[in-house]
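As you go down the protein sequences, you meet chains A and B in turn. Note that the numbering used here numbers the first sequence so that position 244 is 244, with each residue one more than the last. Count along the second sequence from 1, add 423, and you get the number used in the numbering used here.
Just so you know, these hints were derived from the structure itself, not from any lab. Check before you lean on any hint, since a few could be wrong.
[Stated by the list, open to error] Sample of chain A residues with no beta-carbon within 10 angstroms of chain B, all distances over it, derived: (1) L30; (2) F53; (3) I101; (4) E123; (5) L182; (6) L337; (7) V359; (8) F366.
[Stated by the list, open to error] DSS-like cross-link-like pairs, simulated, lysine-lysine; straight-line CA separation at most 30 angstroms: (9) A:K385 <-> B:K718; (10) B:K428 <-> A:K251; (11) A:K81 <-> B:K700; (12) A:K345 <-> A:K251; (13) A:K325 <-> B:K576; (14) A:K81 <-> B:K576; (15) B:K428 <-> A:K81; (16) A:K74 <-> B:K428.
Heads up, the beta-carbon is just placed ideally off N, CA and C, and yes, glycines get one too.
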Amino acid sequence: MSKVNLLKPNKENINLFLGLGVLFFTLGILDFYLNNFYEKNITGFLPGFISFFTPLIFGMIGLHFVRIEFSGIKKLDELNKNINTSNFNAALSFSIILLLIFSIPPLLNWFIFDANIAGDTKEACTGGGACWVYIKVWFNRFMYGMYPNAEQWRVNATFIIVLVFMGLGYFFPLRLKKYLTLYYVIFLPIISFLLIYYLISGGEFGLEWVETGAWGGLSLTFIVSFFSLIFCFPIGMMLALGRRSDLPVVKYSSLTFIEFWRGVPLITVLFMSAVMFPMFLPDGTYVDKLIRVIAAIVLFEAAYTAEVIRGGLQALPRGQYDAAKSLGMGYWRLHLLVILPQALKLVIPGIANTFLALVKDTPLIFVVGLLELAGMLGLAKTNPKWLGFSMEGYVFAGIIFWIICYSMSKYSYNLELKYKTDR
Amino acid sequence: MKLKKILPQFLTLLFIVLIFGFFTMNAQENMDTRGIEFGFGFLKQEASFDIQFSLIDYDGSKSYARAYLVGLLNTLLVSAIGIVLCTILGVVIGVARLSPNYLINRTASVYIEFFRNIPLLLQIFFWYFAALRALPMPEDASLLLGTSYMTIKGLYTPAPIWNNFDVFLISLIVSLVIIFFFNRYAKRKQEDAGIQYPKFLISLAIFVIIPAFTFIFGGVDLQWSFPELKQLAKTSFTYEGGVGIPPELIALTLALTLYTATFIAENVRAGIQGIGKGQKEAAASIGLTPGQVLKLVIMPQALRIIIPPTTNQYLNLTKNSSLAAAIAYPDLVLVFAGTAMMQTGRAIEIVAITMATYLTISLSISLFMNWYNKSIAIKEK
Numbered sequence: 001m002s003k004v005n006l007l008k009p010n011k012e013n014i015n016l017f018l019g020l021g022v023l024f025f026t027l028g029i030l031d032f033y034l035n036n037f038y039e040k041n042i043t044g045f046l047p048g049f050i051s052f053f054t055p056l057i058f059g060m061i062g063l064h065f066v067r068i069e070f071s072g073i074k075k076l077d078e079l080n081k082n083i084n085t086s087n088f089n090a091a092l093s094f095s096i097i098l099l100l101i102f103s104i105p106p107l108l109n110w111f112i113f114d115a116n117i118a119g120d121t122k123e124a125c126t127g128g129g130a131c132w133v134y135i136k137v138w139f140n141r142f143m144y145g146m147y148p149n150a151e152q153w154r155v156n157a158t159f160i161i162v163l164v165f166m167g168l169g170y171f172f173p174l175r176l177k178k179y180l181t182l183y184y185v186i187f188l189p190i191i192s193f194l195l196i197y198y199l200i201s202g203g204e205f206g207l208e209w210v211e212t213g214a215w216g217g218l219s220l221t222f223i224v225s226f227f228s229l230i231f232c233f234p235i236g237m238m239l240a241l242g243r244r245s246d247l248p249v250v251k252y253s254s255l256t257f258i259e260f261w262r263g264v265p266l267i268t269v270l271f272m273s274a275v276m277f278p279m280f281l282p283d284g285t286y287v288d289k290l291i292r293v294i295a296a297i298v299l300f301e302a303a304y305t306a307e308v309i310r311g312g313l314q315a316l317p318r319g320q321y322d323a324a325k326s327l328g329m330g331y332w333r334l335h336l337l338v339i340l341p342q343a344l345k346l347v348i349p350g351i352a353n354t355f356l357a358l359v360k361d362t363p364l365i366f367v368v369g370l371l372e373l374a375g376m377l378g379l380a381k382t383n384p385k386w387l388g389f390s391m392e393g394y395v396f397a398g399i400i401f402w403i404i405c406y407s408m409s410k411y412s413y414n415l416e417l418k419y420k421t422d423r
Numbered sequence: 424m425k426l427k428k429i430l431p432q433f434l435t436l437l438f439i440v441l442i443f444g445f446f447t448m449n450a451q452e453n454m455d456t457r458g459i460e461f462g463f464g465f466l467k468q469e470a471s472f473d474i475q476f477s478l479i480d481y482d483g484s485k486s487y488a489r490a491y492l493v494g495l496l497n498t499l500l501v502s503a504i505g506i507v508l509c510t511i512l513g514v515v516i517g518v519a520r521l522s523p524n525y526l527i528n529r530t531a532s533v534y535i536e537f538f539r540n541i542p543l544l545l546q547i548f549f550w551y552f553a554a555l556r557a558l559p560m561p562e563d564a565s566l567l568l569g570t571s572y573m574t575i576k577g578l579y580t581p582a583p584i585w586n587n588f589d590v591f592l593i594s595l596i597v598s599l600v601i602i603f604f605f606n607r608y609a610k611r612k613q614e615d616a617g618i619q620y621p622k623f624l625i626s627l628a629i630f631v632i633i634p635a636f637t638f639i640f641g642g643v644d645l646q647w648s649f650p651e652l653k654q655l656a657k658t659s660f661t662y663e664g665g666v667g668i669p670p671e672l673i674a675l676t677l678a679l680t681l682y683t684a685t686f687i688a689e690n691v692r693a694g695i696q697g698i699g700k701g702q703k704e705a706a707a708s709i710g711l712t713p714g715q716v717l718k719l720v721i722m723p724q725a726l727r728i729i730i731p732p733t734t735n736q737y738l739n740l741t742k743n744s745s746l747a748a749a750i751a752y753p754d755l756v757l758v759f760a761g762t763a764m765m766q767t768g769r770a771i772e773i774v775a776i777t778m779a780t781y782l783t784i785s786l787s788i789s790l791f792m793n794w795y796n797k798s799i800a801i802k803e804k
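The whole structure should be built from the sequences, with the hints applied where relevant.
Here it is in structure tokens:
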């Protein structure tokens, strides 16, 4: 056994150092654990300030002892390389470990172990944890708003049919492929509009009429964001082309339009659609609130979409334009057949990101009195029978939005990677 | 050939004129039937509503213009705090995201993925309606850091009481001007003669010493007023003295900071990753220390990549601060486009003023940033 230098752990005394390291590490964790969950301070004899930091100090000493170079144990080397390269790193790593120990058990308790899900009244919630009964009881409202319970199949059916139509484009035979853009930009919006008009809104074919004020919940979030997307896409495309046009009037009017909408917050745009827009219409005409809101969001998002598409147009090499022109193509043929198909492929990830932002913006429509998910939460929170469960509501909505947005952002990220390798 | 150029422009112009004409005509008619006169005279009228939180002197007897100013200042306040905090947090998280330490790296990326995929409005609601509502009542609050109280009614911290504050302010400005000229001088000296001064230390010394002198000679004096619990009624308590920061401001700042920091962190990461490895190796091979490599080679290049998208995020933060209206923080939208509009019924003028204000802020920041970008861009021959 060679000389032991406590400042420099080495391979010769590996067992001693490992033992010491594990001992101090455990001591640190134990001290922290007892402090936080049993209110016992085993280092209470020290002055308060030092005693507060003892877990961290123990942990750092422990990690220092295990930091043995070329120990010959693969797991240990990997550990050292990843979280324990220096004292500073060790302190950070250990703080994070402590933070996890501190936060995970209470969170799990709140979410699962102390939570209540059985029963359907407020009184069923007895534990100290979350009251998922509240979510269970209000689930229908959170999904469909004030839409009558008996008619909710219509909303589901609409979504399924629209999804089927969207997927259909994928199975187009080769000779129809060139109509794909046309299908998505013109046919699909019309179909979905008719579906929503006749199936969700109703009023004909023996279906009960449901006014838009009753629509709400998550389904309204989808309706608003879906419609805004399919309409803002063509408008954004025109604006992007307009901004790159050689004609000064077209160029500067597109530019002004884009910069205007990008410069103001969505909430003022919604205010505008709610209170200012009716003043601009002939007296007596009434446009449904939902349509006004969608129109406002479409104009707003079209400006952002235009900038994304412009990015794609700019990314194309000049040669593409020159080659197409030398074939004698005019402006429209050049753009429709050569430029746009290539540029749009490039901007799909950007469009997906814009759509993501759009979905995250839809809760804002509550300012004009439309109650989608966040708005329904606000309503449920003030129900006298169910006071005091706002935490559960927001956590629930947060989880739902998180799943939607996270999967979408991962999808757009994958698309980005895919197209990067293509070029 | 000529027609091909003129016709589309003419049609665009016609379209715009027709739309605007149609709208103005209708608006004129509608206002006539309702007996409203278009104009901004209402700004001088008495506002007669109260605003909970104001940076300047305000009460119900002041004019609508004054209320507008209060709202604007509140918007600017929350944006400024948010920008500072989210920059600090974003840089820390962005650097942590690149750390070789597995735990730090994962924590940073979990943070980013978590906070940026939840709608901002929901986060504001969460902090305001769920998290801050769980705080104690004023009478049960415990002392934080020996000076402040965190209660359901907001955060109460000590307030500075200045004597001769203007002298202090002037000294600050003077020291900044001196630092600016000193740095220019030092840079020229370095370029001409290769003499290096410890620029940072000297600047710091100037910044500390000159304002410190005003305390001794300028009659500047600083005292703190601490918040103290006071009983209003049998069960109603509040704190007096100190500064009370309303919970709306705290919730809004928290949400805006945590949300925007995720985007800034990604910008910072992309910027640092965007610098080729060769740059670092080349800089190290000519004998620069790691600190110099970072300061002289990596950062100037990374900043060029980081700044433009980060400016966009600052703009987004400023625009997103309008969500304040949802939790009744008296910002521009709530005070002006909300309360003032309800009272006066002047939808067109008020929405136009509000939008113009945001447009002015946005455009001036982006103009400034364009100028700044140009000034730091690589000058190619």
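Of the hints given before, which are not true for this structure? Violated hints: 7, 8, 9, 13, 14, 15, 16; rest satisfied.
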